Amino acid sequence: MTLTKLTLTEARQGLVARTFSARELVQAHLDAIERLNPTLNAYITPCPQSDVLKAADAADERYKHQKAGRMDGLPIGIKDLFCTQGIRTTAASAMLADFIPPYESTVTERLLKEGALFLGKTNLDEFAMGSATTNSAFGPTINPWKRADAPEIALVAGGSSGGSSAAVAAGLALASTGTDTGGSIRQPAAYCGIVGLKPTYGRCSRWGIIAYASSLDQAGPMTRSVADAALMLEVMAGADSRDSTCSPRPVPAFHQAVGKSVKGLRVGIPSEYRVDGLSPEILALWEQGITWLKEAGCEIVEVSLPHTRYGLPSYYIIAPAECSSNLARYDGIRFGLRKDAPTLDELYEKTRAAGFGTEVRRRILIGTYVLSAGYYDAYYLKAQKVRTLIMRDFEHAFNTVDVLLTPTAPSAAFAQNDNVNDPVQMYLNDIFTVPASLAGTPALSVPAGLNKAGLPLGLQIIGRHFDEETVLSIGSALEKAAGFTHRPTLYAGAGA
Amino acid sequence: MSLTPEMIKHIAKLARIGLDPSDIDATCHTLNDILGWIDQLAEVRIDDVPPMVGTETEPLRQREDTITEGNCRDSLFSCAPETSGPFYTVPRVVE
Amino acid sequence: MTYVIEGQTGPWEIVVGLEVHAQVISESKLFSGAATAFGAEPNTQVSLVDAAFPGMLPVINRACVAQAIRTGLGLNAHINLQSRFDRKNYFYADLPQGYQISQFEHPIVGAGRITIELADGQTRDIGITRLHLEQDAGKLLHDQDPSHSFVDLNRAGVALMEIVSEPDIRAPEEAGAYLRKLRQILRYLGTCDGNMEEGSLRADVNVSVRKAGEAFRTRCEIKNVNSIRFVMQAIETEALRQVTLWESGQEVEQETRLFDPSRGETRAMRSKEDAHDYRYFPDPDLLPLVLEQEWVDTLKATLPELPDAKRARFQSEYGITFYDAGVLVAEQAVANYYENVARGRDGKLAAAWVTGDLFGALNKRGATIETSPVQAATLGRMLDLITDGTINGKIAKEVFEDMLETGDEPDAIIERKGLRQVTDTGVIETAITTVLEKHAKELEDYRNGKDRLFGFFVGQVMKETKGKANPALVNEALKARLKSS
Chain A
1 MTLTKLTLTE
11 ARQGLVARTF
21 SARELVQAHL
31 DAIERLNPTL
41 NAYITPCPQS
51 DVLKAADAAD
61 ERYKHQKAGR
71 MDGLPIGIKD
81 LFCTQGIRTT
91 AASAMLADFI
101 PPYESTVTER
111 LLKEGALFLG
121 KTNLDEFAMG
131 SATTNSAFGP
141 TINPWKRADA
151 PEIALVAGGS
161 SGGSSAAVAA
171 GLALASTGTD
181 TGGSIRQPAA
191 YCGIVGLKPT
201 YGRCSRWGII
211 AYASSLDQAG
221 PMTRSVADAA
231 LMLEVMAGAD
241 SRDSTCSPRP
251 VPAFHQAVGK
261 SVKGLRVGIP
271 SEYRVDGLSP
281 EILALWEQGI
291 TWLKEAGCEI
301 VEVSLPHTRY
311 GLPSYYIIAP
321 AECSSNLARY
331 DGIRFGLRKD
341 APTLDELYEK
351 TRAAGFGTEV
361 RRRILIGTYV
371 LSAGYYDAYY
381 LKAQKVRTLI
391 MRDFEHAFNT
401 VDVLLTPTAP
411 SAAFAQNDNV
421 NDPVQMYLND
431 IFTVPASLAG
441 TPALSVPAGL
451 NKAGLPLGLQ
461 IIGRHFDEET
471 VLSIGSALEK
481 AAGFTHRPTL
491 YAGAGA
Chain B
1 MSLTPEMIKH
11 IAKLARIGLD
21 PSDIDATCHT
31 LNDILGWIDQ
41 LAEVRIDDVP
51 PMVGTETEPL
61 RQREDTITEG
71 NCRDSLFSCA
81 PETSGPFYTV
91 PRVVE
Chain C
1 MTYVIEGQTG
11 PWEIVVGLEV
21 HAQVISESKL
31 FSGAATAFGA
41 EPNTQVSLVD
51 AAFPGMLPVI
61 NRACVAQAIR
71 TGLGLNAHIN
81 LQSRFDRKNY
91 FYADLPQGYQ
101 ISQFEHPIVG
111 AGRITIELAD
121 GQTRDIGITR
131 LHLEQDAGKL
141 LHDQDPSHSF
151 VDLNRAGVAL
161 MEIVSEPDIR
171 APEEAGAYLR
181 KLRQILRYLG
191 TCDGNMEEGS
201 LRADVNVSVR
211 KAGEAFRTRC
221 EIKNVNSIRF
231 VMQAIETEAL
241 RQVTLWESGQ
251 EVEQETRLFD
261 PSRGETRAMR
271 SKEDAHDYRY
281 FPDPDLLPLV
291 LEQEWVDTLK
301 ATLPELPDAK
311 RARFQSEYGI
321 TFYDAGVLVA
331 EQAVANYYEN
341 VARGRDGKLA
351 AAWVTGDLFG
361 ALNKRGATIE
371 TSPVQAATLG
381 RMLDLITDGT
391 INGKIAKEVF
401 EDMLETGDEP
411 DAIIERKGLR
421 QVTDTGVIET
431 AITTVLEKHA
441 KELEDYRNGK
451 DRLFGFFVGQ
461 VMKETKGKAN
471 PALVNEALKA
481 RLKSS
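Protein chains in written order, with this note's numbering: chain A, 1 to 496; chain B, 1 to 95; chain C, 1 to 485.
Simulated from the structure, these hints should not be mistaken for laboratory data.
Heads up, some of the hints might be wrong.
Said to hold, decoys possible - No more than 30 Å apart at the CA atoms, straight line, and that leaves these computed lysine-lysine pairs for DSS-like:
hint, chain 1, residue 1, chain 2, residue 2
1, C, K438, C, K463
2, A, K480, B, K13
3, A, K339, C, K139
Since we're looking at a predicted model, the values are computed, not measured.
Build out the structure end to end from the sequences listed, making use of the hints.
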């Protein structure tokens, strides 16, 4: 049995049945990381092997005494945006290259409490700003998938949670945490052929997650199956008195929604997502998805979300505005990088110039500009109003349908060197994911097929606020119909 | 609306990000590309549309007035690039 | 009363508005669970939230919200059931987040007013524009090291109420009266201790000058003035500076200035030269603050009686003067003391003793009403003994002195010293006989028409009885004797 191939659900069954031990499971992953991480750069900071093995032994003890938690002994990756006590947390920034938080984020604390084992901190775009994990101070993450026609080209893993998606796809973790601000879970999941779930805004606590854009940031699971995403979200989600925007609603038993009949559910197909120049492969996959859901008994309804095309430009006002303020705390005084200077202002300017990468500096400047006197109304206030219109589009659509089905991204994974000098082209990767982020609705990406070059493509299911259950039901129906079992070229299980 | 190099310098000053003078033109160019693309929002009609700050619709929860944190200077200072005795330090500020 | 500056070009009027930052009395900070007590070891009352560590989030303190509502109610102001928090963005070493969480567009409290009283007894209403909640900053120390400033974040994140007045103030004296009245109200409410030395009450003063009937001219803001006296001085100094500028044909520039009390001048702040652009925007970490009307009503119903109401009630209930009532309500502890003395007794007598003998004694001893050696109940008992004739007013002074020294009850002192008032007419008659015999010469003169000597005889009889005789009885008996003999 190749232990790095398993889903969370399978691995847990194996641990319960004592088919293998947590130590064996962890060792297989540590070996895989040692072998493939130098190529993939999925982890910025792998945890010390001895620490992880020790934790695995403790998990084995708990299994022996039937005291195992819901995630007990399951080795996972943690996006390096979650603060982890005693484990370096960098946000992929030179600013935090040596930052060891004295605290544990709420989400990771919940995973630890259920026995999850952290293999390490996964790579991302610096401060989660990017769509390719090419903006990391620790180098880009390489997608484990290769184009059949050009296997020598290194592809992006998507972003910003590209380290997490690559690790899960390549067998360097059974699952990972991600965060999604404008598509940062769903798009890398699609590029790497895994499942990625952005829950409803407010479902998971943001406490201890390094903030990018507070009104949009949301943590979620990145897994090999829809059932795994449900299991992991159950552990990650829930009220937190330390986050004022975290919902006090009880957490449903998400796993019960997986595999549930979708007969009679109404699936909306937003016509505005058929954007000009969308690749025929993506269109074909979308049509295929529609057919699958029809066959599963869903009713397909054409809907209109008229403000879709304004989502992206609004997002690129709102997110930079919030980030310009959220990142003001990196000033060289209390933590992180400090570049000494004779005056306080020079210290700020030198520290922040040296600590932030190009894209982060760019977004801080844009955000500063759109909030500044004389431009606030034209940019920031306008974007907030457009956000209202986008939200209304969704509310209107959800009056008649239960979920929406769209492609996750306008293309498959692209080459590392593409779009690097054209921010706007790069931003366009988020065109299908950003509207649900602005509306705060839950959205799931499920791998649904390969393109001609053999790269994975994803379909996105968007649901009503706090209705992850319907999203998961539809997602598992798609998963079943698609029967996606392809594995990437660089893969820990290969040849084993 | 288009940014000038002077405006870039002003914004960078507000954001306390040191700009290499040789980078100003390129930065200006890139930001204008982005802002030019953003300008498509001009065509959206927003009369009488209220602004949206966030998606959570519940009112703000309030905590009780009890002391639950603090007294952790050593832990805080373990992350600090520079301290002196019980203080954080910065270059001398003249008010 | 009008205050004018006589310039070379004629009289100038001053226009002043005050922004007062009042530190909210609460156990923990506005958005974190760290303590707020004054004077702790540097950087010990700092949480991860206060030091703005990555991923930390604000959660609002209900008690601070309640304090803001109560203050709003005390200022006769409108309470906004829906308000919001905004971020005010700027970089400074005492501001860990790089922004201050404040309320910009939608403050928790709207328009209100304060009635001030001036030296000549006139009253004026000063408008309150708004009150909002915000975070305090930390503290910088500049005198510890030649090349560094030191940062203490204990105060960072403590709740402040910013109370903004309308530009209704027209004289330094009015500014002083406004601040005293505001501080009095805050102390009555228990929402701020009003201690300017410790910085729990600080004023930013906006000053401009104009010719009568003109629109407002450019104003300057004098930051962080930390005593009422300095506020008044700063206004005078700044107004004069502006008049000089205008009259010499120069412009007043809108800027932030500091008042230097040792030099008696204001100067532009050096560190804030840049044009400010605070880039306010709604804080996405906090949802709108929505208040239940029911809660506001409950807070209103449990508000203490405030100075103006108490003063009016003291006047009507205890029959004392407007002036005395004002003195007695100046501090809540004094008002409570007075009321404990006066309740069920002669209110005027009680006022005379409290504002006269008691205040005098406290002053002399450097004591306060809280540390007074004489408790209200004890003083009240003494007044009872005056009223029921056990002692007279003069003996009462002696008894009171003893009370201050020994803390004994008045009954015990009277017993110990044998000070009970003499009402036995036989004893008084005997004393009169002795006095008249001793002062035959004066008696002669009196008989010859020197009526004024009547008082002399009263005094002598009182002396003869060691002051204990009931003065009314002495009067009566002496009158009868002088008439008959």
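Here is how each hint holds up against the structure:
At roughly 13 Å between alpha-carbon atoms, K438 of chain C and K463 of chain C fall within 30 Å of each other, so this suggested pair holds. Restraint check: the Cα-Cα separation between K480 of chain A and K13 of chain B comes to about 54 Å, which exceeds 30 Å; the hinted pair is violated. Distance check on the hinted pair: K339 of chain A and K139 of chain C sit about 22 Å apart at the alpha-carbon level, within 30 Å; holds.
The earlier numbered hint that this structure contradicts is number 2, and it is the only one.
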